[in-house]
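All chains, please: the whole structure from these sequences, using the hints.
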Amino acid sequence: MRIQLNGAWRDLAALAQDARAAQGATAAQCTASPTLAAMLRLWGYGSSTVATAVNGEFVPARKRDEIQLHDGDRVEVLAPMQGG
Amino acid sequence: MDLLRLYDSEMTSRLLLGTARYPSPAILEQAVRASAADIVTVALRREAAQLRAGQGFWSLVRSLGVRVLPNTAGCHSVKEAMTTAHMARELFDTRWIKLEVIGEDDTLQPDVFGLLEAARLLVQEEFQVLPYCTEDLVVAERLISAGCRVLMPWGAPIGSGRGLNNVFGLRALRAHFPGVPLIVDAGIGTPSHAAAALELGFDAVLINTAVAQARDPVAMARAFSLAVQAGRTAYLAGTIPARDMAAPSTPVIGQAFLP
Numbered sequence: 005m006r007i008q009l010n011g012a013w014r015d016l017a018a019l020a021q022d023a024r025a026a027q028g029a030t031a032a033q034c035t036a037s038p039t040l041a042a043m044l045r046l047w048g049y050g051s052s053t054v055a056t057a058v059n060g061e062f063v064p065a066r067k068r069d070e071i072q073l074h075d076g077d078r079v080e081v082l083a084p085m086q087g088g
Numbered sequence: 020m021d022l023l024r025l026y027d028s029e030m031t032s033r034l035l036l037g038t039a040r041y042p043s044p045a046i047l048e049q050a051v052r053a054s055a056a057d058i059v060t061v062a063l064r065r066e067a068a069q070l071r072a073g074q075g076f077w078s079l080v081r082s083l084g085v086r087v088l089p090n091t092a093g094c095h096s097v098k099e100a101m102t103t104a105h106m107a108r109e110l111f112d113t114r115w116i117k118l119e120v121i122g123e124d125d126t127l128q129p130d131v132f133g134l135l136e137a138a139r140l141l142v143q144e145e146f147q148v149l150p151y152c153t154e155d156l157v158v159a160e161r162l163i164s165a166g167c168r169v170l171m172p173w174g175a176p177i178g179s180g181r182g183l184n185n186v187f188g189l190r191a192l193r194a195h196f197p198g199v200p201l202i203v204d205a206g207i208g209t210p211s212h213a214a215a216a217l218e219l220g221f222d223a224v225l226i227n228t229a230v231a232q233a234r235d236p237v238a239m240a241r242a243f244s245l246a247v248q249a250g251r252t253a254y255l256a257g258t259i260p261a262r263d264m265a266a267p268s269t270p271v272i273g274q275a276f277l278p
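Taken in sequence, the protein lines are chains A and B.
Using our numbering, read the first sequence as starting at 5 and increasing by one per residue.
Using our numbering, read the second sequence as starting at 20 and increasing by one per residue.
Read the hints as simulated data drawn from the structure, not as lab findings.
Heads up, the beta-carbon is just placed ideally off N, CA and C, and yes, glycines get one too.
There could be a bad hint or two in this list.
Said to hold, decoys possible - Okay, the calculated bits of chain B under chain A, using three or more residues with CB under 8 angstroms as the criterion:
no., region
1, 36-45
2, 58-69
3, 76-84
Said to hold, decoys possible - With a straight-line cut-off of 20 angstroms between C-alpha atoms, the simulated SDA-like cross-links for lysine to any residue are:
no., chain 1, residue 1, chain 2, residue 2
4, B, 98, A, 62
5, B, 98, A, 47
6, B, 98, A, 61
7, B, 98, A, 58
8, B, 98, A, 77
9, B, 98, A, 11
10, A, 67, A, 47
As structure tokens, then:
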């Protein structure tokens with residue numbers, strides 16, 4: 005299963021290996037339609053102030069636990085940045 | 020007291036400052052303080068989990084005690100702008116959005132059709148929209164009809180530093196909408212451009228590149244602050260009309276006869 009994070013494809017199977025070592029997560033947790041919230045933790049966003057969108061649609065923070073990701077999904081994780 | 024009113028907020032300063040393109044975060048911080056701006060603009064960009072660049076920037080901005088105006092810079096479609104606005108509302112906890120829908124990449128001029136559509140939708144969702152527009156009167160009228168209570172017409176293309184490209188058009192815009200706060204956004208290069216905008220009766224200016232890319236951004240921020248104050252004071256004082264022929268300022272009555 006592959007998910008695009010900020011424009012780059014990420015292979016979840018490979019990520020799951022690292023995650024098991026780092027956080028004690030199981031492969032099943034990482035590969036079977038994980039939630040957006042779980043993936044954000046896995047990707048290392050932790051408590052960062054970010055806003056999220058999946059496939060071009062805004063996902064509010066309170067909904068991240070409900071949204072399940074599937075093969076081919078495009079996730080955008082944005083943060084405050086300099087702007088004019 | 021002469022306050023700038025934007026939606027339900029009142030501000031002392033008539034200078035809005037962008038936060039991009041400064042040599043360093045420290046200089047950005049000093050420039051914001053020197054500008055005395057009450058509002059700074061911010062954007063949203065992709066965050067790499069390891070770098071956490073946005074987190075550092077955000078804590079810096081919060082420490083400044085200013086209000087933030089998030090933008091939808093770089094958005095070329097209504098959909099992109101809408102999604103970005105939704106993300107900005109959550110991230111920055113504000114209903115304000117500086118709405119940009121870019122229509123042309125060389126001039127970065129707004130796609131006014133997309134802008135109007137996005138503005139209408141966002142107003143329905145109770146956003147307080149500050150649209151980046153041109154001086155086009157018809158577009159301005161439509162944006163106001165759509166529920167925009169502030170307009171941000173360009174002076175010149177973003178980052179060009181050319182000043183007020185169409186003074187006649189801007190003056191007409193000011194005259195047509197006397198009760199609408201108008202902020203000249205984009206294209207201002209020097210403090211004299213900013214002063215000229217305020218003298219024309221524009222309520223405020225938004226400056227970024229002209230400060231951030233100056234040799235000394237902190238000093239330039241202060242110069243813009245002074246220029247905006249001068250321009251506003253002059254506008255309230257009432258400037259004289261221009262004329263083609265000379266009019267002696269020294270009284271001619273009582274002049275000595277010294278042939």
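Item to check | Given pair status - residue 47 of chain A, residue 67 of chain A, alpha carbons within 20 angstroms | outcome: 18 angstroms, holds
Checklist entry - Straight-line Cα separation of residue 98 of chain B and residue 77 of chain A no greater than 20 angstroms? => result Holds. Residue 98 of chain B to residue 77 of chain A sits at ~18 angstroms (cutoff 20 angstroms).
Checklist entry - Against chain A, does the region 58-69 of chain B show at least 3 residues with beta-carbon separation below 8 angstroms? => result holds (count 10)
Next on the checklist: Between the region 36-45 of chain B and chain A, are there enough contacts, at least three residues with CB-CB distance under 8 angstroms, for the coverage claim to hold?
Outcome noted: It holds: at least three residues are needed, and the region 36-45 of chain B offers 5 whose Cβ sits within less than 8 angstroms of chain A.
Item to check | Agreement of residue 98 of chain B and residue 11 of chain A with the hint, judged by alpha carbon distance not exceeding 20 angstroms | outcome: 18 angstroms, holds
Checklist entry - Keeping to a limit of 20 angstroms between CA atoms, is the pair of residue 98 of chain B and residue 47 of chain A held or broken? => result Cα-Cα ~27 angstroms, so violated.
Item to check | Proposed proximity, residue 61 of chain A with residue 98 of chain B (alpha carbon, max 20 angstroms) | outcome: 9 angstroms, holds
Checklist entry - Straight-line Cα separation of residue 98 of chain B and residue 62 of chain A no greater than 20 angstroms? => result Holds - the C-alpha atoms of residue 62 of chain A and residue 98 of chain B are around 11 angstroms apart, at most 20 angstroms.
Item to check | Three-residue Cβ test at 8 angstroms for the coverage of the region 76-84 of chain B by chain A | outcome: holds (count 3)
Next on the checklist: residue 98 of chain B and residue 58 of chain A were given as a pair; does the straight-line alpha-carbon distance stay at or below 20 angstroms?
Outcome noted: 13 angstroms, holds
Of the numbered hints stated above, the single one contradicted by the structure is hint 5.
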